[in-house]
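Peer 1: Protein chains in written order, with my numbering: chain A, 27 to 428; chain D, 44 to 208; chain H, 95 to 274.
Treat the hints with care, since some could be wrong.
[As the list claims (entries may be wrong)] Below are the EDC-like pairs computed for lysine to aspartate or glutamate, each with C-alpha atoms no more than 20 angstroms apart in a straight line: (1) Lys201/D x Asp212/H; (2) Lys358/A x Glu314/A; (3) Lys111/D x Glu66/D; (4) Lys179/H x Glu69/D; (5) Lys312/A x Asp261/A; (6) Lys202/D x Asp221/H; (7) Lys132/D x Asp379/A; (8) Lys358/A x Glu69/D; (9) Lys202/D x Asp212/H; (10) Lys125/D x Glu314/A; (11) Lys91/D x Asp247/A; (12) Lys179/H x Asp195/D; (13) Lys125/D x Asp327/A; (14) Lys46/D x Asp261/A; (15) Lys201/D x Asp221/H; (16) Lys189/D x Asp261/A; (17) Lys179/H x Asp200/D; (18) Lys119/A x Asp200/D; (19) Lys218/A x Asp279/A; (20) Lys202/D x Asp118/H; (21) Lys111/D x Asp379/A; (22) Lys127/A x Glu314/A; (23) Lys358/A x Asp180/D; (24) Lys111/D x Asp180/D.
[To be verified] A few chain H positions that, by computed beta-carbon distances, are all more than 10 angstroms from chain A: (25) Phe113; (26) Ile141; (27) Arg236; (28) Glu249; (29) Lys270.
I should point out that these hints are in silico values taken from the structure, not numbers from a laboratory.
Glycine residues also receive a C-beta, built at the ideal position from the N, C-alpha and C atoms.
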Amino acid sequence: MNEPTITHALDRKETTTLNLGPTHPSTHGVFQNVLEMDGERIISGVSTIGYIHRAFEKIAEHRPYYQITPLTDRMNYCSSPINNMGWHMTVEKLLGIQTPKRVDYMRVIVMELARISDHLVCNGILGVDTGAYSGFLYLMEQREHIYEIYEEICGARLTTNIGRIGGFERDFNDIAFAKIKKFIKNYVPVLKEFEVLFTRSRIFMDRTVGVAAVDAQTALDYSWTGPILRACGVDYDVRANEPYSSYEDFDFDVPVGETGDVYDRYMVRNEEMYQSIRIIEQALEKIEKEPKGIFHADVPDIYLPPKEEVYNNMEALIYHFKIVMGEIDSPKTEVYHCVEGGNGELGFYLVNDGGRTPYRLHFRRPSFINYQMYAPMSSGMLLSDAIINLSSLNVIAGELDA
Amino acid sequence: MEKISNTALIEQISARFGEQTFEFSEPIGLLTFETSKETIIDVLTFLKTELGFNFLTDITGIHFPEAKLPIGVIYHLHNFRKNVRIRIKVFLEDEHPSIPTAFVLWRGADWMERETYDFYGVNFEGHPDLRRILNMDDMVAFPMRKEFPLEDPNRVDKKDFFFGR
Amino acid sequence: MSDIKLAEAPAGIEGSGFFATSFDKVVGLARANSLWPLPFATSCCGIEFMATMGAHYDLARFGSERPSFSPRQADMLLVMGTIAKKMAPVLRQVYIQMAEPRWVIAVGACATSGGIFDSYSVLQGIDEVIPVDVYVPGCPPRPEAILSGVLKLQELVRDEPMRRRNSAEYKELLNKYGIQ
Chain A
27 MNEPTITHAL
37 DRKETTTLNL
47 GPTHPSTHGV
57 FQNVLEMDGE
67 RIISGVSTIG
77 YIHRAFEKIA
87 EHRPYYQITP
97 LTDRMNYCSS
107 PINNMGWHMT
117 VEKLLGIQTP
127 KRVDYMRVIV
137 MELARISDHL
147 VCNGILGVDT
157 GAYSGFLYLM
167 EQREHIYEIY
177 EEICGARLTT
187 NIGRIGGFER
197 DFNDIAFAKI
207 KKFIKNYVPV
217 LKEFEVLFTR
227 SRIFMDRTVG
237 VAAVDAQTAL
247 DYSWTGPILR
257 ACGVDYDVRA
267 NEPYSSYEDF
277 DFDVPVGETG
287 DVYDRYMVRN
297 EEMYQSIRII
307 EQALEKIEKE
317 PKGIFHADVP
327 DIYLPPKEEV
337 YNNMEALIYH
347 FKIVMGEIDS
357 PKTEVYHCVE
367 GGNGELGFYL
377 VNDGGRTPYR
387 LHFRRPSFIN
397 YQMYAPMSSG
407 MLLSDAIINL
417 SSLNVIAGEL
427 DA
Chain D
44 MEKISNTALI
54 EQISARFGEQ
64 TFEFSEPIGL
74 LTFETSKETI
84 IDVLTFLKTE
94 LGFNFLTDIT
104 GIHFPEAKLP
114 IGVIYHLHNF
124 RKNVRIRIKV
134 FLEDEHPSIP
144 TAFVLWRGAD
154 WMERETYDFY
164 GVNFEGHPDL
174 RRILNMDDMV
184 AFPMRKEFPL
194 EDPNRVDKKD
204 FFFGR
Chain H
95 MSDIKLAEAP
105 AGIEGSGFFA
115 TSFDKVVGLA
125 RANSLWPLPF
135 ATSCCGIEFM
145 ATMGAHYDLA
155 RFGSERPSFS
165 PRQADMLLVM
175 GTIAKKMAPV
185 LRQVYIQMAE
195 PRWVIAVGAC
205 ATSGGIFDSY
215 SVLQGIDEVI
225 PVDVYVPGCP
235 PRPEAILSGV
245 LKLQELVRDE
255 PMRRRNSAEY
265 KELLNKYGIQ
């Protein structure tokens, strides 16, 4: 007798394996997550990374100090000037170079512009993932203006290679200052409009409030830093805790969230953009008071002399040769320097043996460390929430894989 | 929130561990010392629970091929309340270097240790999932060791022939 | 009057009520002006591609309005960014999944030649695993350069004979990469 058996859907306990990535339109980069799904809900996940591992640390051991700046560009390419400056300041800390205040303020301006461009991409994409494309277009338009400022300062748009060890390669010209002033004037209304579209939007709030909430203890346990840690309520910001590049001269707030959910991360990033504008305004005022025309520290044995002097002046030629061939005396020691990158504490651990190249250079990459919680925290989440969680973590593939 | 001085830290650490922590130094102001793999977890626990170094900033490796103990593992810790950092080093032997995992203290040590394993081949005992993370799973060598070449030795596009040599 | 320019008709014989030209040219015209891109963005160049798709540069003006994330529906594979050796099989798989006719643009120095990343883990140019039609220089290329690359590809597509994809030479090319 073959009687048909009826199984209830609930008794079957069937799960599906879903392969998200490595190339998937909703993952903004190349990471793979193999998810075990029960319907729409994630039971467990395994992350695989390394799809654009480019061996930065190995390459850095074979490059002189000034050639490492282009490598740092390509880590977090949404805010490359912060990486560049962080690296320059690490070497300056190693060599004991004190930069003039004007250089510090110029750096602050560029770094805060970079922070804005990083956060606006993240929040814009968050809008795209929750189903609102227009906010992204509003902000991307503004990012073009930031790129125009970079172009005026250094000639490049995205991978800037901005500045040198000891300062900048040239002074900001008047057009650059005019563009910065125009940008900070125009950006605030656009950001306000963006906030009007999102912050109290019913759909946006339903999609983000309470999603992927993380408490402060867990976040610290996973070594989170940056906006996502501040969204959990920990007011750790490298700019405030260990001020570099004269951040102690500026008056700004460190915004913190409460619940650590996607909505709080969005709010923290938005507020940080306002604070960045505030910092830039102050920096522009302070630059006015500094002596004009100073754009690098007076360190002829580190900072490359101008080309016309190299051709006409013996001393400059010798310095040029020494710097390029890496025959500079440097202390045989080690240094850890960190800056507040777009995604958190961006650290450089440099071991120097006095040679032309670093003996060991390790990048503490915030995306790499922040992302490791992704798979554990996804379990129990809806798939659509997990996607939003990913975009609010703002994991940059270049920084993740180094 | 007053800063705790490095000398005070050295005193407290030496008082607790004596000879097991050594080589205290302060390169560019950051307190650095060495310990052995037998005591590392005790040292980290002491630092975390009693001295307030509650945040694990980074774990990484280093290779000194000439040294007696060539493979190093370097920990950076951070005390948020006092705003102090500290660096701890452990040096290990060349063949099958192995050290207990810090995963028991910080969940964040997970990928940092996997990365160190991937680059230097350090076996973190007790790590829940010690696999390669950045490189391909079928790789045998540990690429950040000094003897490993930067460029792929099998490549053909850099032969002298192409440059008329 | 709007200043929108339409694609020009191919050369042919025209009379009242009819227009005669070769089928090749008509198909080429249609294909060239409706290339659907599959953005395979891995790193920095992908960010510049975002700018290219955005309002300021607007790739849609050239008939590539819809980025097709599914390989089956895409005509033009834009490889943007470093392809590590771990990624190479994935890229090859994506290429194989695309339906003929398919074209490939290598955007940026990394996709073209490995760029500054001359290391053990990076593929030294995607043409080691898949055939490439257009290379765009730059690290990363400016959006204008990406647009120029797409326009160059349009020229190739416009002039491509319809039988090319069935020819022995083409089969041999694919065989060289081990693609059937």
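Peer 1: Does the structure break any of the earlier hints, and which numbers would those be?
Peer 2: 2, 4, 5, 10, 13, 16, 18, 20, 23, 24, 26, 27
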